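Engineer: Once you've looked at the hints, dock chain B with the ligand against the given chain A.
Heads up: the sequence lines are chains A and B, in that order.
Mapping the first sequence onto this note's numbering, position 347 (from 1) lands on 347, and the numbers just tick up by one.
Mapping the second sequence onto this note's numbering, position 31 (from 1) lands on 31, and the numbers just tick up by one.
In short, the hints are calculated from the structure, not lab data.
Quantities reported herein were computed from a predicted structural model and do not represent experimental measurements.
Virtual Cβ for every residue (Gly too), placed ideally from N, Cα, C.
A portion of the hints provided could be inaccurate.
What the hints assert, rightly or not - For lysine-lysine, the following BS3-like pairs were computed, each having C-alpha atoms within a straight-line distance of at most 27 Å:
no.	chain 1	residue 1	chain 2	residue 2
1	B	25	A	651
2	A	320	B	25
3	A	303	B	25
4	A	651	B	24
5	B	25	A	649
6	B	3	A	651
7	B	25	A	567
8	A	522	B	25
9	B	3	A	595
10	B	24	A	573
11	A	5	A	185
12	A	565	B	25
13	B	3	A	565
14	B	25	A	3
Claimed, not checked - What follows is a list of derived Cβ distance ranges for each label pair:
no.	chain 1	residue 1	chain 2	residue 2	range
15	B	23	A	640	23 to 33 Å
16	B	45	A	247	34 to 44 Å
17	B	12	A	705	55 to 65 Å
18	B	16	A	263	35 to 45 Å
Stated by the list, open to error - Computed from the model, here is a short list of chain A residues facing chain B with C-beta under 8 Å:
no.	residue
19	271
20	275
21	276
22	514
23	516
24	517
25	555
26	567
27	572
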Amino acid sequence: MEKMKTLAEWKYTPAVSRLGYTRETLYVGLGNRDGDYRFEKRPVSDEMIDKFIGGRGFGLRLLWDAVKPETKWNDPENEIVISGGPICGITQYPGAGKCYSVFLSPLTEQTYNSNAGGYFAPFLKFSGFDAFELQGKADREVIVFVDGDNGTVQVLESNITEDKNAYAVTECLHEYFANDEKDRKNISVVSSGQAAAHSFWGCMNFSFYDPRRKVARLKQAGRGGGGTVLRDKGVLALVVKMSHVTGTSVGPANPDALSKLGGKLHKEIRDFDDVQCQMRTIGTAHLNEIMNDYDLLPVHNYKFGRHDDIGNIHSTEYKKRFAQGMPDGCWYGCSLSCAKATPPFKLTTGPWKGREVIVDGPEYETAAGLGSNVGIFDPEWTIEANFYADHYGIDTISLGTGTAFVCECYELGLINRENTGGLELKFGNKSDLMELIHRIAAGTDEFARIVSLGTRKMKKIFSEKYGADRKTMEDIAMEGQGLEASEYRCQESIAQWGGYFLTLKGPQHDEAWLIFMDMVNKQLPTYEDKAEALFYFPNFRLWFSLVGLCKLPWNDIEPEDNHTKYKGIEAAKVPEHVQNYVEIYNAVTGKNVVKEDLIAMSEKVYNFERIFNLRMGKGKRADHNCPNRGLGPVFEDEWNARPEYFDGKLKEAGIEPGGLSVREKIARLQTHRRGQWEQLVDKVYARRGWNRNGIPTLETVRRLGIDYPDVVELLEKNLKPEDSFA
Amino acid sequence: MIKVNGDELDWREGMTVQDVLDEKKFSFPLVSVWINGEPVQRRGEYAITPVPDGVEIEVIHMMSGG
Ligand code: SF4
Chain A
1 MEKMKTLAEW KYTPAVSRLG YTRETLYVGL GNRDGDYRFE KRPVSDEMID
51 KFIGGRGFGL RLLWDAVKPE TKWNDPENEI VISGGPICGI TQYPGAGKCY
101 SVFLSPLTEQ TYNSNAGGYF APFLKFSGFD AFELQGKADR EVIVFVDGDN
151 GTVQVLESNI TEDKNAYAVT ECLHEYFAND EKDRKNISVV SSGQAAAHSF
201 WGCMNFSFYD PRRKVARLKQ AGRGGGGTVL RDKGVLALVV KMSHVTGTSV
251 GPANPDALSK LGGKLHKEIR DFDDVQCQMR TIGTAHLNEI MNDYDLLPVH
301 NYKFGRHDDI GNIHSTEYKK RFAQGMPDGC WYGCSLSCAK ATPPFKLTTG
351 PWKGREVIVD GPEYETAAGL GSNVGIFDPE WTIEANFYAD HYGIDTISLG
401 TGTAFVCECY ELGLINRENT GGLELKFGNK SDLMELIHRI AAGTDEFARI
451 VSLGTRKMKK IFSEKYGADR KTMEDIAMEG QGLEASEYRC QESIAQWGGY
501 FLTLKGPQHD EAWLIFMDMV NKQLPTYEDK AEALFYFPNF RLWFSLVGLC
551 KLPWNDIEPE DNHTKYKGIE AAKVPEHVQN YVEIYNAVTG KNVVKEDLIA
601 MSEKVYNFER IFNLRMGKGK RADHNCPNRG LGPVFEDEWN ARPEYFDGKL
651 KEAGIEPGGL SVREKIARLQ THRRGQWEQL VDKVYARRGW NRNGIPTLET
701 VRRLGIDYPD VVELLEKNLK PEDSFA
Chain B
1 MIKVNGDELD WREGMTVQDV LDEKKFSFPL VSVWINGEPV QRRGEYAITP
51 VPDGVEIEVI HMMSGG
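Here chain B stands alone, though its shape is the one from the complex:
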């Protein structure tokens, strides 16, 4: 189990940041992702950045719109 923006999400072997974004339907492109308080440096690397079990992830959507 992991936490994403405070909500629980089932963890599975081989899970990546991109998998988390897809499962949460977080399709907005201007996000920053922090795993246990550490930022994932490059947006292009979400699909190859592993998500360990038990972590807390913050997916911060930069305000946009309007």
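Here chain A stands alone, though its shape is the one from the complex:
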């Protein structure tokens, strides 16, 4: 590739990370399509560290200061803030290379935060920055390059003109910025793909170089449209280069303690992963048949929870297709190494037809979303769809769920072949569904463009443009707050209704996954129990996002005696791993926290994020929508798939099913469950210290120490006496 033109350059002296922090953030302003590029090093205060910790917390705080209540996702003020957190970058303990990207989302029109592995965040920290703030819009297509080795940040005019998709761009930039083949591992690239130029499902691909396979691998911050924001800013890629990485680069207070804790977990993984979750051989795709067994696999837009063809997408089928025996960690030191990849895979469609590529994944979410949920039980198809989605920069989960919605609309006759540009979008139609993905990427076909704006917009446009029945679409569309649900069927677990639909950012599974605890183990019999779980787990899970950790080594591997030493909900918390995290945090930062402090750290940020959404005109009870499909059967075929089970549910509700038609039964069960939903909402809000309208109270923000004047002013405007629980 020819040398890229430097549009702006800034030199700095990289700060060294001590106790997990460099105490400086990088601000890059792209101007307002006027070439006014700016760079700044911004200090990180003690207050910022105390209240917002790092990662997602830093992202939210910086974004709050950058935007106004009326800022839209595509305004220049919107930012993408990428930050790892204090633990991000250690190599002794598995799963410590994660970062969060925070931005205003085109899909949900409020804050979004999306996590990814790869080397970007650790390299950024070792280049001197706890966070990277990107604001403005470039006047041409640019690449922003942080050279941590030489202390320079550059805005370069991109000369990648032909293939602007993720694998092509990433490979090209690893080569361009590396001195030689060996140096490629010192580069990390964040890119999207051509779909992100018009789709709201644009994902961000974070790279790391795999020296054994000699390819750049991609991990996605998939959800919420971060890739769309990146492209809207005129940024083809962000690149960081850092050649000096050691086990002590974060400057930990007690490196020996880290080694000891890491050694313990590595041993657990070695000894028990094969009999527990098989993360090293299959990754998260081990869940396919398990979800099917428990009626949780989304089939045909979540109508059903299992399918006779499950054998075709059984994890053994994926295991055969993944390269084995490779250390597939997405950051140094992750021996859980779930980042599975295929051996060279020959593509059969699209612009790269006939090429052999290494495909990252599919992970469970993709295997289900671009599999059973669209009625396709063919791993080869799913692997190809996964490849193209990543390459084009499309979030595979929203694509799967959104496309499943389209298929159901098509089969119900709400839209037809004339509307779809000639595609027969029935469940299971592999060729036409693949063609839809290619059309979404191309952005030239009107129907594909509508689809790629997301399910919430589809409902509106399908009804206005094609006359599709809005009520039916509201019933069946599995979206909350504008975000498509991830790939679990939650109907039969009241707690999981909350785990999906009482979340900060929409039905993503990274707050609480309570289905087993609630539906199978029956450990949450009362609304108070469910509310407690919907307090603890979202806060505990949020803590990972503050410090730069991957969730998987917490509970996808557990100590051999966890299941006998602890009982009930305590066992699900995996207490020894929680203690590991307490000790790791202390060993890095030199602080002296206890396990209760982890929840206290998270609660501040959880509430701050909720208030941020209130500031953006959302964040109230009405925004916590839950579709009827999320609560139970909508159509007769769904009921008739498990008639005795659902009759039993009616009886439990005190309704005698005898004499009722299936339609009447569905209506009665839906009404009953809607009432249960409202009860759940009240209990959860009360437990979280919010009022009936889902707004944190003044007492809550004072208790948490986030009662900043602008926060208090906003709350005083929105808290109404009639919404109080008191």
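Structural biologist: Below, chain B with the ligand alone, put in the same frame as chain A:
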């Protein structure tokens, strides 16, 4: 008759913990099994651990997923 997570299940002679898991289609690997409040110590022994008639069994699935 035995109880599994509160639901009744027919008991039969020679029944093991693994039989109970199979009948309930509890295929998730990270479970803990408690019989009348006592834990079955080793996951590898489910197939040889007998289930007496009349017991209450708890099969606790550790939260996973995501
Ligand atoms: S468990 Fe998987 S996703 Fe998490 S850090 Fe390790 S390789 Fe990456």
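Engineer: Decide, hint by hint, whether the structure agrees.
Structural biologist: How the hints compare with the structure:
{"no.": "1", "hint": "B:25 x A:651", "result": "24 Å, holds"}
{"no.": "2", "hint": "A:320 x B:25", "result": "24 Å, holds"}
{"no.": "3", "hint": "A:303 x B:25", "result": "21 Å, holds"}
{"no.": "4", "hint": "A:651 x B:24", "result": "22 Å, holds"}
{"no.": "5", "hint": "B:25 x A:649", "result": "20 Å, holds"}
{"no.": "6", "hint": "B:3 x A:651", "result": "20 Å, holds"}
{"no.": "7", "hint": "B:25 x A:567", "result": "22 Å, holds"}
{"no.": "8", "hint": "A:522 x B:25", "result": "16 Å, holds"}
{"no.": "9", "hint": "B:3 x A:595", "result": "35 Å, violated"}
{"no.": "10", "hint": "B:24 x A:573", "result": "24 Å, holds"}
{"no.": "11", "hint": "A:5 x A:185", "result": "24 Å, holds"}
{"no.": "12", "hint": "A:565 x B:25", "result": "25 Å, holds"}
{"no.": "13", "hint": "B:3 x A:565", "result": "22 Å, holds"}
{"no.": "14", "hint": "B:25 x A:3", "result": "60 Å, violated"}
{"no.": "15", "hint": "B:23 x A:640: 23 to 33 Å", "result": "24 Å, holds"}
{"no.": "16", "hint": "B:45 x A:247: 34 to 44 Å", "result": "39 Å, holds"}
{"no.": "17", "hint": "B:12 x A:705: 55 to 65 Å", "result": "60 Å, holds"}
{"no.": "18", "hint": "B:16 x A:263: 35 to 45 Å", "result": "36 Å, holds"}
{"no.": "19", "hint": "271", "result": "12 Å, violated"}
{"no.": "20", "hint": "275", "result": "7 Å, holds"}
{"no.": "21", "hint": "276", "result": "6 Å, holds"}
{"no.": "22", "hint": "514", "result": "7 Å, holds"}
{"no.": "23", "hint": "516", "result": "4 Å, holds"}
{"no.": "24", "hint": "517", "result": "6 Å, holds"}
{"no.": "25", "hint": "555", "result": "6 Å, holds"}
{"no.": "26", "hint": "567", "result": "7 Å, holds"}
{"no.": "27", "hint": "572", "result": "5 Å, holds"}
Of the hints listed earlier, those the structure fails to meet are numbers 9, 14 and 19, in rising order.
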